[in-house]
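If you read the protein sequences in the order shown, they are chains E and X.
My numbering runs 10 ahead of the 1-based position in the first sequence.
My numbering runs 1378 ahead of the 1-based position in the second sequence.
There could be a bad hint or two in this list.
As the list claims (entries may be wrong) - Okay, derived cross-link-like pairs now, EDC-like style, lysine to aspartate or glutamate, Cα gap no bigger than 16 angstroms in a straight line:
#1 X:K1824 <-> E:D147
#2 X:K1824 <-> E:D21
#3 E:K142 <-> X:E1401
#4 X:K1591 <-> E:D53
#5 X:K1482 <-> X:E1387
#6 E:K13 <-> E:E157
#7 X:K1824 <-> E:D22
#8 X:K1824 <-> E:D24
#9 X:K1591 <-> E:D54
#10 X:K1591 <-> E:D42
#11 E:K59 <-> X:E1597
As the list claims (entries may be wrong) - Distance ranges between label pairs, derived from CB positions:
#12 X:K1660 <-> E:P64: 39 to 45 angstroms
#13 E:S171 <-> X:Y1556: 37 to 43 angstroms
#14 X:M1510 <-> E:F126: 31 to 37 angstroms
#15 X:E1408 <-> E:N32: 34 to 40 angstroms
#16 E:F126 <-> X:Y1705: 51 to 57 angstroms
#17 X:A1747 <-> E:N166: 58 to 64 angstroms
#18 E:P98 <-> X:K1660: 54 to 60 angstroms
#19 X:I1753 <-> E:N32: 55 to 61 angstroms
#20 X:S1549 <-> E:P64: 16 to 22 angstroms
#21 X:A1747 <-> E:F126: 43 to 49 angstroms
#22 X:L1437 <-> E:P98: 37 to 43 angstroms
#23 E:H99 <-> X:V1421: 50 to 56 angstroms
As the list claims (entries may be wrong) - Computed from the model, here is a short list of chain E residues facing chain X with C-beta under 7 angstroms:
#24 F44
#25 S45
#26 I52
#27 D53
#28 I58
#29 S61
#30 P64
#31 M86
#32 A101
#33 E111
#34 L115
#35 A118
#36 S129
#37 S134
#38 K142
#39 D147
In case anyone wonders, no lab produced these hints; they're calculated from the structure.
Every value quoted in this text rests on a predicted model; they were computed, and no experiment measured them.
The beta carbon of each residue, even a glycine, is placed where N, CA and C say it ideally should be.
If you want the building blocks of each chain, they are given just below.
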Amino acid sequence: MNKKFVLGIYDDEDVLLTAIENIRAAGTKIYDVFSPYPVHGIDDVLGIKRSRLPIVAFFGGLTGMSFALWMQIWMMGFDWPMIIGGKPHIALPSFIPVTFELTVLFSAFSMVITFFIVSNLKPSLKVNVFDKRSTDDKFVMAIEVKEGATDMEALNNLLRSNGAIEVNEKEVVK
Amino acid sequence: MQHVSPIREPLVTGGKTYHDITEDVCRQVEAKPNVRWAAALAVALVGLAIFIYSVYRTLWYGIGEWGLNKTVGWAWDITNFVWWVGIGHAGTLISAILLLFRQKWRTSINRAAEAMTIFAVICAAMFPVLHMGRPWLAYWVLPLPNTFGSLWVNFNSPLLWDVFAISTYFSVSLVFWYIGLIPDFATIRDRAVGPIARRAYAVLSFGWTGSAKAWSRYETVSLILAGLATPLVLSVHTIVSMDFATSVIPGWHTTIFPPYFVAGAIFSGFAMVLTLMIITRKVFFLEDYITLEHVESMNKVIILTGSIVGIAYTTEFFIAWYSGVEYEQYAFINRAFGPYWWAYWSMMTCNVITPQLFWFRKIRRSLTATFIISIFVNIGMWFERFVIIVTSLHRDYLPSSWAMFSPTIIDIGVYVGTIGLFFTLFLLFAKFFPVVNMAEVKAILKSSSEVTHSHSKAATMHATDKDSNSNTHRNE
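Looking at chain E on its own, in the form it has when it is part of the complex (with noise of 0.2 angstroms):
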């Protein structure tokens, strides 16, 4: 089905910010907001909660810690007992290195992976971008438009009011 959308075009971040703010007070439901760079504050006033990426990458990094340092002593010390350099087999601070850096790698790629998916980010050709110039200097806000149940007028008006320099429409073939 195809979903129609109403585009404010913005310049400046401050009067989209208060934008945002007026606008969903005035009960209009905003589908997102798309900028150049990330708006500091646009969070709190579009109500997007914080990410919990940072709780996947904490068991990502517990996940690689376990398994390094299970790694290290299982063939050191069971499978391939060997005493090097007077060591004993389970010697635990030559295994803090690898553990570290095996914690780290297992954390971080847990979490890029992780981000790439919930974002939707892929290598793909066909990219839905609703405003070009939303990559480059302009901030873009789309509204959702229900066929019938939205007045246009009313809501030009609203995006015009709060500072938009330009009010698109646009159409998405889902």
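With chain E fixed as given, assemble chain X onto it according to the hints.
Showing chain X alone in chain E's frame:
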């Protein structure tokens, strides 16, 4: 609103708007390569050819092609390895540690510095792999079940720690760098006119649209990766230094090595960043983004790390005397006054004396002086590695095995060749990837630039006044 600080200089000069940043950075990606770039690439390719030839000789005839001997079993190759790894560290330092410290001046230089990290680590990895003699068996360093039974790699060995440290460092840096590139690839994708460019950058940008939710996650990921990369940087060079410190060779067996190597790595890395940045800003007309303020900040880091390195040299000498161990004392006296005295004093001159010139504001803010000093630091840090490795080995406990090391033409070829490899990669990066992180520069534009497209007239006027007043000392 534009904020004008009485004590801080703007980080972006020339009154840029968001669109100007896009234009300035994308220009060299979109335009035909300029002559200076092509000339530089030609020189780099000659270096690459030298590298390929030297590697071919090394592999075909064996590492007997190198000047190594029974006494000096590690020489030129490991010197180059440690030197390149050290250079790599500045990139992660700029992108990770300065991100954690909320240093805004990192934004214009972090992209190129991280690229430098990746390429420097690639160059570094060449040396231990070639030193194996049979690099096609390099996978033996991984803990894989093998055909000799379940014999595993030795986790007590610092050389194996290196394998884990360098490969983790490389992959995490690569991911960190790539994530930073995604939004900028999206910018180029949306501007691209040709079908090939549009497709290539569409794939590279991973379908980035810049939605608020994605940006929010993106910032979380960047911050945590920075938090992970920071101890990682310190651990990598610490582990490299343990290759030496856990042995019993006089001059190597010291507890000061980990911090001393890390400081040295940051020192040489910043010098290399400066060398590259001073050229890049000229070739690609990025003077407004990589300003004298940036150069000065980096020079301050060089003074700090250079002084730490200087103190470390002195401490080593003092401890050699204070320990009362005659082998240790001999090793250090031999370094300074033995057959390799020239290497030792080159190191002292380049690393301890030259960077101290940066205490003078005039020198710190002079591009020519900075460029020359940065080259000196690079040379000095190379000599530091050489002094540590060769002078400690060439006279060990057994005088009958004392020997001198001199590099062969192939040794020199591999080294010069990796510089060619490095510059080939860097030049290709600079042509096809955005050299300056556009998204991050845009994010600091309102708070740290000279004059923005401010909607407040008064602020603009004020900023313009400030600009004309301060221009006198900012002119190059």
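Unsatisfied constraints (hint numbers, rising): none
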